[in-house]
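Numbering of the sequence shown is given in the numbering used here, commencing with residue 20 and proceeding in unit increments.
The reader is advised that the hints may include incorrect statements.
Restraint ranges, calculated between C-beta atoms of paired labels, are given here [stated by the list, open to error]:
| # | residue 1 | residue 2 | range |
| --- | --- | --- | --- |
| 1 | E21 | T112 | 34 to 44 Å |
| 2 | E47 | R145 | 13 to 23 Å |
| 3 | G76 | G143 | 21 to 31 Å |
| 4 | L101 | V42 | 32 to 42 Å |
| 5 | G95 | R65 | 18 to 28 Å |
| 6 | L131 | K151 | 16 to 26 Å |
| 7 | L67 | G144 | 31 to 41 Å |
| 8 | G71 | R145 | 30 to 40 Å |
| 9 | R145 | L67 | 18 to 28 Å |
| 10 | G128 | D70 | 36 to 46 Å |
FYI, nobody ran anything at the bench for these hints, they're computed from the structure. Glycine is no exception: its CB is placed at the ideal position from the N, C-alpha and C atoms.
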Amino acid sequence: MEIRNPAYRERAAEIFTRANFVVDLGIEPVSIGPGAVESRLAVLERHLQQDGVIHAGVQTTLADHTAGAAAFTVIGPEQMVLTTGFTINLLATARGEELRARAQVLRAGGRLIVSESCVFAVEGGRESLVSKATVTLAVLPNR
20 MEIRNPAYRE
30 RAAEIFTRAN
40 FVVDLGIEPV
50 SIGPGAVESR
60 LAVLERHLQQ
70 DGVIHAGVQT
80 TLADHTAGAA
90 AFTVIGPEQM
100 VLTTGFTINL
110 LATARGEELR
120 ARAQVLRAGG
130 RLIVSESCVF
140 AVEGGRESLV
150 SKATVTLAVL
160 PNR
């Protein structure tokens, strides 16, 4: 991946602290590299749906935001990205103490970036893949 912003790590980390909904959920970055980001969420009671499993909306937000952070690592300092569409596949019931998302940029174009996020539930120290998302992001000038 071509690095167009030497401060890409700081810039990608910043979107985890500036997005109020993401802060409210408790999503935080774990690692940030060129075209790849890992994030985590400590699962709380408020993240569960009525049957006691982790809500699909929580998984979706984690996958989308982590994919967006990965996209932030490959854009210029004068640019930003916004999700234009995504597909998520819920592969297994999500239960555990923590969710982890690992996102990587699949294609970094001048106008669109496509990223992929895999979401893992961690229960008893074991990870299991629970969902996978493909996210398309528009590259826009900073506001």
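Against the structure, the hints:
The hint said 34 to 44 Å for the Cβ distance between E21 and T112, and at roughly 39 Å that hint holds. Between E47 and R145, the C-beta spacing of about 21 Å keeps the proposed range 13 to 23 Å intact. For G76 and G143, the Cβ-Cβ distance of about 24 Å falls inside the hinted range of 21 to 31 Å, so the restraint holds. Here the CB-CB span from L101 to V42 is close to 18 Å, at odds with the stated 32 to 42 Å.
A C-beta distance of roughly 37 Å is found between G95 and R65, which places it outside the suggested range of 18 to 28 Å. Between L131 and K151 the C-beta distance comes to about 20 Å, which sits within the given range of 16 to 26 Å. Checking the proposed 31 to 41 Å range against L67 and G144 shows it is violated: the Cβ atoms sit about 20 Å from each other. Under the hint 30 to 40 Å, the C-beta atoms of G71 and R145, about 19 Å apart, miss the expected range.
For the hinted restraint 18 to 28 Å between R145 and L67, the CB-CB distance of approximately 19 Å keeps it satisfied. Roughly 40 Å separates the CB atoms of G128 and D70, a value that falls within the hinted 36 to 46 Å.
Checked against the numbered hints above, the structure violates hints 4, 5, 7, 8; every other hint is satisfied.
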